[in-house]
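Colleague: Now for the letters of each chain:
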Amino acid sequence: MKEYMKTGFILMLFIVISGFIVSLVYVSAKPAIDNAELQAKLKAIKKVLQDSRGEGLLIAQKDIPTSSKELNSAIWDSNESGVVYSNEKSKVYSPVYKYVNSKGQEIYILTVSSIGFGGEVISVVSFVKDKELYFNNLEVISYSQETPGLGANIAEEKVKERFYPISYKGLVNGVKVNKDAGVILSTPEQIKEGKEKGIVQTSDIMTGATITPRAVANSINVGFEYLKSKGVIQ
Amino acid sequence: MANIKNLKAGLFQQNPTFIQVLGMCPTLATTTNAENALGMGLATLAVLILSNIVVSLIKKWVPKNIRIPIYIVVIASFVTMVDLLMHGYTYDLWKTLGLFIPLIVVNCIILGRAESFASKNSVLDSIYDALGMGLGFTGSLILLGSVRELLGNGTIFGLPIWGDAMKLYVMILPPGAFLVLGMLLAMFNSIGIHNRNKAKAGEKK
Numbered sequence: 012m013k014e015y016m017k018t019g020f021i022l023m024l025f026i027v028i029s030g031f032i033v034s035l036v037y038v039s040a041k042p043a044i045d046n047a048e049l050q051a052k053l054k055a056i057k058k059v060l061q062d063s064r065g066e067g068l069l070i071a072q073k074d075i076p077t078s079s080k081e082l083n084s085a086i087w088d089s090n091e092s093g094v095v096y097s098n099e100k101s102k103v104y105s106p107v108y109k110y111v112n113s114k115g116q117e118i119y120i121l122t123v124s125s126i127g128f129g130g131e132v133i134s135v136v137s138f139v140k141d142k143e144l145y146f147n148n149l150e151v152i153s154y155s156q157e158t159p160g161l162g163a164n165i166a167e168e169k170v171k172e173r174f175y176p177i178s179y180k181g182l183v184n185g186v187k188v189n190k191d192a193g194v195i196l197s198t199p200e201q202i203k204e205g206k207e208k209g210i211v212q213t214s215d216i217m218t219g220a221t222i223t224p225r226a227v228a229n230s231i232n233v234g235f236e237y238l239k240s241k242g243v244i245q
Numbered sequence: 116m117a118n119i120k121n122l123k124a125g126l127f128q129q130n131p132t133f134i135q136v137l138g139m140c141p142t143l144a145t146t147t148n149a150e151n152a153l154g155m156g157l158a159t160l161a162v163l164i165l166s167n168i169v170v171s172l173i174k175k176w177v178p179k180n181i182r183i184p185i186y187i188v189v190i191a192s193f194v195t196m197v198d199l200l201m202h203g204y205t206y207d208l209w210k211t212l213g214l215f216i217p218l219i220v221v222n223c224i225i226l227g228r229a230e231s232f233a234s235k236n237s238v239l240d241s242i243y244d245a246l247g248m249g250l251g252f253t254g255s256l257i258l259l260g261s262v263r264e265l266l267g268n269g270t271i272f273g274l275p276i277w278g279d280a281m282k283l284y285v286m287i288l289p290p291g292a293f294l295v296l297g298m299l300l301a302m303f304n305s306i307g308i309h310n311r312n313k314a315k316a317g318e319k320k
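These protein sequence lines map, in sequence, to chains A and B.
Residue 12 is where the first sequence starts when you use the numbering used here, and the numbers rise one by one after that.
Residue 116 is where the second sequence starts when you use the numbering used here, and the numbers rise one by one after that.
Since the hints were made in silico from the structure, they are not lab data.
Note that the Cβ used here is the ideal one computed from N, Cα and C, for glycine as well.
Covered stretches of chain B (chain A as the covering partner; in silico rule of three or more C-beta atoms under 8 Å from a C-beta of chain A):
{"hint": "1", "stretch": "179-189"}
{"hint": "2", "stretch": "195-203"}
{"hint": "3", "stretch": "210-218"}
{"hint": "4", "stretch": "282-289"}
No more than 20 Å apart at the CA atoms, straight line, and that leaves these computed lysine to aspartate or glutamate pairs for EDC-like:
{"hint": "5", "chain 1": "A", "residue 1": "Lys41", "chain 2": "B", "residue 2": "Asp198"}
{"hint": "6", "chain 1": "A", "residue 1": "Lys41", "chain 2": "B", "residue 2": "Asp207"}
{"hint": "7", "chain 1": "B", "residue 1": "Lys282", "chain 2": "A", "residue 2": "Glu167"}
{"hint": "8", "chain 1": "A", "residue 1": "Lys169", "chain 2": "B", "residue 2": "Asp279"}
{"hint": "9", "chain 1": "A", "residue 1": "Lys58", "chain 2": "A", "residue 2": "Asp74"}
{"hint": "10", "chain 1": "A", "residue 1": "Lys203", "chain 2": "A", "residue 2": "Glu172"}
{"hint": "11", "chain 1": "B", "residue 1": "Lys210", "chain 2": "A", "residue 2": "Glu131"}
{"hint": "12", "chain 1": "B", "residue 1": "Lys210", "chain 2": "A", "residue 2": "Asp45"}
{"hint": "13", "chain 1": "A", "residue 1": "Lys203", "chain 2": "A", "residue 2": "Asp191"}
{"hint": "14", "chain 1": "B", "residue 1": "Lys174", "chain 2": "A", "residue 2": "Glu14"}
{"hint": "15", "chain 1": "B", "residue 1": "Lys210", "chain 2": "A", "residue 2": "Glu167"}
{"hint": "16", "chain 1": "B", "residue 1": "Lys175", "chain 2": "A", "residue 2": "Glu14"}
{"hint": "17", "chain 1": "B", "residue 1": "Lys123", "chain 2": "B", "residue 2": "Asp240"}
{"hint": "18", "chain 1": "A", "residue 1": "Lys54", "chain 2": "A", "residue 2": "Glu167"}
{"hint": "19", "chain 1": "A", "residue 1": "Lys142", "chain 2": "A", "residue 2": "Asp62"}
{"hint": "20", "chain 1": "A", "residue 1": "Lys58", "chain 2": "B", "residue 2": "Asp207"}
{"hint": "21", "chain 1": "B", "residue 1": "Lys210", "chain 2": "A", "residue 2": "Glu48"}
{"hint": "22", "chain 1": "A", "residue 1": "Lys57", "chain 2": "B", "residue 2": "Asp207"}
{"hint": "23", "chain 1": "A", "residue 1": "Lys52", "chain 2": "B", "residue 2": "Asp207"}
{"hint": "24", "chain 1": "A", "residue 1": "Lys54", "chain 2": "B", "residue 2": "Asp207"}
{"hint": "25", "chain 1": "A", "residue 1": "Lys100", "chain 2": "A", "residue 2": "Glu236"}
{"hint": "26", "chain 1": "B", "residue 1": "Lys179", "chain 2": "A", "residue 2": "Glu14"}
{"hint": "27", "chain 1": "A", "residue 1": "Lys171", "chain 2": "B", "residue 2": "Asp207"}
{"hint": "28", "chain 1": "B", "residue 1": "Lys210", "chain 2": "A", "residue 2": "Glu168"}
{"hint": "29", "chain 1": "B", "residue 1": "Lys282", "chain 2": "A", "residue 2": "Asp215"}
Could you put together the complete structure from these sequences and hints?
Modeller: In structure tokens:
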């Protein structure tokens, strides 16, 4: 009995010491972790605030959030569960941000996800309500489970550019990749026209990978559904 | 001299991946490209060195019957620390490696070296052993990752080698990991057999 107690005490001692050291490392690394998460978010938000139909940014440079306080002041919708809207394929995460620029355009920034080849593909997306709502820009922030060289190419700028801008008509039709639409758009004009109809040409630049771009298309669709449910589109 | 021997053993004669065939889960899963392989290798190397040092330091106070749980506690603590530090300071790499960082806890190379070497040797010897094994593991991962990335994507560390001229997508998919690993295992074993035969022939003379 005494031997068991001694052994248990030694094991407990090692666990307590290890736990204490890990907690010290956690406390010292926590500010860096929070900062890394925030910087990644701010970078993605700045990217989606770029005007895909024109030049530059949708809001003034001074209004681009650079701290968590500035970012929080733009929260438009949030809830404690962390998900503000979902359907069977995709989710919209809390919080949702809204900016209004000097032209009176409303800019909605959403964090959306859908299931890709290996797991969730998470993107930050922006919709702009001008005369009509349109899909403005996108940044894929989490795709680590997608296959490198195939699905992971979704993070390449030339691929992301294929997804925006998408007009209101295209959003109403539902965004889909060209393979699902059964078409191949080969010229820049056709690719641009495709986006008007909600068709995104990806099969030429993401050969062999359909599931990941389809996940991004579904993410855009769930964002549109969410804004519709919130009455942004009458 | 013995320390250098320990170091070289881990790198070549007792290479954990190609000779001992240990740590196959991260080897197969994270070598889709050279960068991931390097990140995983360095994270494992750091944990291996730190755990070997601590296991060697505490060996006198560890009762024999609970040594494995204590080694696991030590290794898990270092893995958690590495995970937290990578999260804070190498965010992109941390996101890419994802689940595989916590899985270093169950990497049999680390527990294997703690049990078979660090618990019986001095701190300095244990550091050299960890360096040899860790660098051997990292090198193997980089080699595997580079071959898979080159054959599957035409690049190494993202740098174009032959571009789109040849892309065997299967190489970056799970079957490609087994194919490339099998070929490299065969190659290393063939070199080993050749060297042993050469040594035997030398002895006979």
